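Q: Kindly produce the complete structure, drawing on both the sequences and the hints.
From first to last, the protein sequence lines stand for chains A and B. Just so it is clear: in the first sequence, position 85 is 85 by UniProt numbering, and no numbers are missing. Just so it is clear: in the second sequence, position 197 is 197 by UniProt numbering, and no numbers are missing.
In case anyone wonders, no lab produced these hints; they're calculated from the structure. Certain hints may be false.
[Unchecked claim] Where chain B lies over chain A, by a calculated footprint (3+ residues, C-beta under 8 Å):
(1) 137–145
(2) 150–156
(3) 163–172
(4) 199–210
Just so you know, these numbers come straight off a predicted model, no measurement behind them. Backbone N, C-alpha and C fix where the C-beta goes; we use that ideal spot for every residue, glycine too.
2 protein chains.
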Amino acid sequence: MTTPSVTAPAGHPAEPDRSTGAGPGPGAAEAPRGPARRDAEATKAAILRAVRHLHARHAQADITLKAVAERAGVSAPLILKYFGNKDTLFAQVMSFEEDAVALLDAPLADLGRHMVRHVLVSQTEQGADPVLRIVFAPLHRERGETLRTNFRAQVGDRLAARLSGPDAGLRAELAVSALLGLSVMFGIVRGPHVRTADIEDIVERYGPLVQAQLTS
Amino acid sequence: MTTPSVTAPAGHPAEPDRSTGAGPGPGAAEAPRGPARRDAEATKAAILRAVRHLHARHAQADITLKAVAERAGVSAPLILKYFGNKDTLFAQVMSFEEDAVALLDAPLADLGRHMVRHVLVSQTEQGADPVLRIVFAPLHRERGETLRTNFRAQVGDRLAARLSGPDAGLRAELAVSALLGLSVMFGIVRGPHVRTADIEDIVERYGPLVQAQLTS
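A: Take a look at the structure:
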C-alpha cells in the first residue's frame, strides 16, 4: 500500500485500475522531472514496469513501443537506447532468469520463508513480482507457451534441482504453487487482509507451508 | 490430461494453445451432432466454457455473442434462449457464488483437502476451475473490479465466516492463496508434475497446507 518514490507500483499488473492505461499512468508522475534526473537503473525499471503492465492487458503483438514509452513517461528512442529493440525489451518480460536467482537466494532450510518474503517485499517495495506475470500466458498465444517453458525451466526445475528426496519435481511445483497463489492474492485479488498484515506475520504463517514441500 | 466426452477442457483458460480461438475450437467437436443431441445442461456448460475461454484473452467489452457461439459450437439465438442476454451470460462468469458453494461444501476439519481435491477434479473432469478466472481481472478494467469484489465477498469472506479464532480474514485469504496457486500451476503453468501426479497424492501433500490456515 506504500508507494515509494521512484518505484511506485503504478506500472504493475497488481495495480490495473488506478490508471486507464491510456497515456502515462501514475507511475509516470516522475516524468516531468525528465530522464536526466533519474539514474539509468530507475529509468530501466520504469520501462520494465510499463511493459509488464501492458503485458497483463494486451497480447504482446498489440503492444507498441510508443505505448510503452507513454506509460513509462520516457521517449521511445530512450527505450531503444537501453534495450536495443522491442524484441530485447520483451525478452526481459518473457524470462524469469534474474527473478529466479533472487527468489531462490537462500539456504534450503530457510528457503520457504525467504521466497514468501521476497514475493511480498517485491510487490510492496518494487511494485513488481518475480513470478506473477506467468498468469497472463493465455493472453499471449504462442508467446504464452514460451513464457510457460521459461517459467518451468527457470523457476520450477531450478528449485527442484535444489531438493533431495523423492518427487522433487512435484514438490517444487507445489512450493511454487503456494507462492504463485500468494502473488495472485496480493497483486490481483488485492485481498485486504494480506495487503494490510505485517509482512513478517505472513512469512511466519505461510513460509512453513512452502517449506514443508521443500524439506519434508 | 483426460478429455471426457462432453466436458472436454477446450474452452478453459487452462487450454489456451490448443486452438487459435478463432472459430470453433476442439470443444466444438461435439457440434456436428447438433444441440438436439445434447441435453440442456451440457450445452449450457459448453457455452460457459466458451465464455470463460474468451474472458481469459479479451476484455469483456470486446467479446461478441457471435464469438461465444462459434467457440461453443452453438447458435447465438440458442445462447439467448438459455441465458436471456449477454449481460446475464457474463454475470455467470463474474460471479463466484455457485463455485463457492461447491468449493466450501465440506466439514471444516476436512475442508483443506476437499478444496484441493475440488480444484483438481474440476480442472481434470469439468475442464473448468472454481476460482482461476479471478487472475484475468486486470484484463477487464472496471469490470475486473467487480470480479475482485465478488471474489473477496463470495469466496474469501464466506470462508472466513466458517473459521474460529483470531485473524480469520487473513487465514482465509492465505488458504485461498494456496488454492489459487495450485489452480495457476495446473491450469496456466501446466506444471508437468502436478498434471501427471495422482490427484489424491496432491491432496495428501497440499491439503494439510491449506488446512493449517483453517484450523491452526
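Q: Output the indices of the hints that this structure fails to meet, ascending.
A: Every hint satisfied by this model.
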